[in-house]
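Sequence lines, in order, name chains Z and B.
In terms of our numbering, the first sequence opens at residue 1 and continues consecutively.
In terms of our numbering, the second sequence opens at residue 1 and continues consecutively.
Calculated directly from the structure, the hints in this document are not laboratory data.
All of these numbers come straight from a predicted model, not from anything done at the bench.
Hints should not be assumed to be uniformly reliable.
Where chains are identical, the list cannot tell them apart; a pair therefore holds if satisfied intra-copy or between any two copies.
As the list claims (entries may be wrong) - Derived PhoX-like pairs: lysine-lysine, alpha-carbon spacing no greater than 20 angstroms straight-line:
(1) Lys143 <-> Lys97
(2) Lys117 <-> Lys143
(3) Lys70 <-> Lys117
(4) Lys85 <-> Lys65
(5) Lys82 <-> Lys124
(6) Lys117 <-> Lys130
(7) Lys143 <-> Lys65
(8) Lys51 <-> Lys62
(9) Lys117 <-> Lys85
(10) Lys124 <-> Lys53
(11) Lys53 <-> Lys97
(12) Lys70 <-> Lys144
(13) Lys144 <-> Lys97
(14) Lys97 <-> Lys85
Number of protein chains: 2
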Amino acid sequence: MPPAVRLANMAWAEYHGNTRLMTAKTLDNFEKALSEKVKNNIKSQTKMEGKMKRYGKVIRVKPEKLEEYKRLHANAWDEVLKMIKQCHICNYSIFYKDGYLFSYYEYTGENHDEEMKKMAADPKTQEWWKLTDPCQEPLTTRKKGEWWAEMEEVFHTD
Amino acid sequence: MPPAVRLANMAWAEYHGNTRLMTAKTLDNFEKALSEKVKNNIKSQTKMEGKMKRYGKVIRVKPEKLEEYKRLHANAWDEVLKMIKQCHICNYSIFYKDGYLFSYYEYTGENHDEEMKKMAADPKTQEWWKLTDPCQEPLTTRKKGEWWAEMEEVFHTD
C-alpha cells in the first residue's frame, strides 16, 4: 500500500470522526510537519477538490446472465481497470439486488463526457463490453445516448 | 475545509493516477516532511484500513412522496448527520431513478450492527425517520429485519 494512501486513510478517518486513531494533538503535529512545498500543493489541490463528482447509475441484468456477469467482474481485466483509472474514475463499485445493478463511482477529472468517449474508443474496453453488454438490459427510461441510466443524487454527507 | 481533508484529497489524487497535481518528487518531499509521531500513527492506521466496508442498499420511494423526500434530504438535520458520523458511516449518498432509491456508504467502525442499533435508539433520528419512512416503500424481497434492502457488491475497483 503506497504511503500516500495510508496517509489519506488516516486523514479521512480523522475527518470522519474516527478519533480513536488520531487525536487533535496528533493532527496538529501532522499539519506542522508539512513542508512549505507540500502546503502550496495542498492549496493548488483545493481548486481541484470542488470538481470531484459522484455518479450513481442503474441498469438491469438478465436473470440468466447474472452468474456470468458476476464471474466476469470477479476477475475484471487489468487493461480495463487501468483505462478506468486513466479516465479519472475511482472508488467504483457495482451492487446487485432483484435484477438491478447499481453503480457508484467518483470522477476526479475535468471532462467526464470526453473521458467516457476515450474509454469507449479503447479496443480492450470494447472487447470487455462485448462480454458484459449482453448480460445487461438497459432501462427504457434511460436518456438518449445512455446505456446505464444516470440517477439523481438526492442526498450526500461526507 | 479541514487541512486533513485537503491533504487526504491530494494523497488520493496521487494514488488514483491524477499526477497533474502531484509529481513523484513532491510525494517524496511530502513523505519526508512527516514527523516520526505521524509515521507511527500511519502504521497503526494500516490495521484499521482493512476494516472499511462499503454498503449498497435499495428501497422504493412512493411517487407522491418523492418531492417531500428530496426536500427533507436537501436540508437534513444536523443532529441526524452528526449521529451518522458518530456511527462511523461516511461518504454517504442517496440516488434516485424510476421509483428506486439507491444508497451508498462506507462504514469504518468495528461493529456495524451494534452501531445501527445505537442510531436507531437516538431520539432525534427516530423523529427524522418518522418523516422519511412514510415516503418509502421497502422491497418485499428484503431480508428479515431490513428496511432498506442490502445489495450484493459484485465489483469494486479503487
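We went through each hint and held it up to the structure:
Taking CA atoms no more than 20 angstroms apart as the test, Lys143 paired with Lys97 passes between copies only; the shortest distance there is 12 angstroms, against 22 angstroms inside one copy. For a Cα distance limit of 20 angstroms, the shortest separation of Lys117 from Lys143 inside one copy, 17 angstroms, qualifies, whereas the shortest one across copies, 40 angstroms, does not. In this assembly of identical chains, Lys70 and Lys117 lie within 20 angstroms of each other by CA distance neither inside one copy nor across copies; the values are 25 angstroms within and 32 angstroms between. Proximity of Lys85 and Lys65 under a CA criterion of 20 angstroms is satisfied in neither setting, with 27 angstroms inside one chain copy and 38 angstroms between copies.
Taking the closest pair of Cα atoms, Lys82 and Lys124 come within 20 angstroms of each other only inside a single copy of the chain (11 angstroms); across copies the shortest separation is 45 angstroms, beyond that limit. Taking the closest pair of Cα atoms, Lys117 and Lys130 come within 20 angstroms of each other only inside a single copy of the chain (16 angstroms); across copies the shortest separation is 45 angstroms, beyond that limit. In the homo-oligomer, the alpha carbons of Lys143 and Lys65 never lie at most 20 angstroms apart, since the shortest distance is 24 angstroms inside one protomer and 23 angstroms across protomers. Proximity of Lys51 to Lys62 under the C-alpha cut-off of 20 angstroms is found in neither arrangement, the shortest distances being 35 angstroms within a copy and 32 angstroms between copies.
Within a single copy, Lys117 and Lys85 get their C-alpha atoms as close as 14 angstroms, which meets the 20 angstroms cut-off; across copies the closest is 37 angstroms, which misses it. Within a single copy, Lys124 and Lys53 get their C-alpha atoms no closer than 26 angstroms, and across copies no closer than 30 angstroms, so neither meets the 20 angstroms cut-off. In the homo-oligomer, the alpha carbons of Lys53 and Lys97 lie at most 20 angstroms apart only across protomers (18 angstroms), although the nearest pairing inside one protomer, at 25 angstroms, exceeds that limit. In this assembly of identical chains, Lys70 and Lys144 lie within 20 angstroms of each other by CA distance neither inside one copy nor across copies; the values are 27 angstroms within and 25 angstroms between.
Proximity of Lys144 and Lys97 under a CA criterion of 20 angstroms is satisfied inter-copy only: 15 angstroms between copies versus 25 angstroms inside one chain copy. In this homomeric assembly, Lys97 and Lys85 never come within 20 angstroms of each other (Cα to Cα): the closest approach is 26 angstroms inside a single copy and 26 angstroms across copies.
Against the hints set out earlier in the document, violations occur for numbers 3, 4, 7, 8, 10, 12 and 14.
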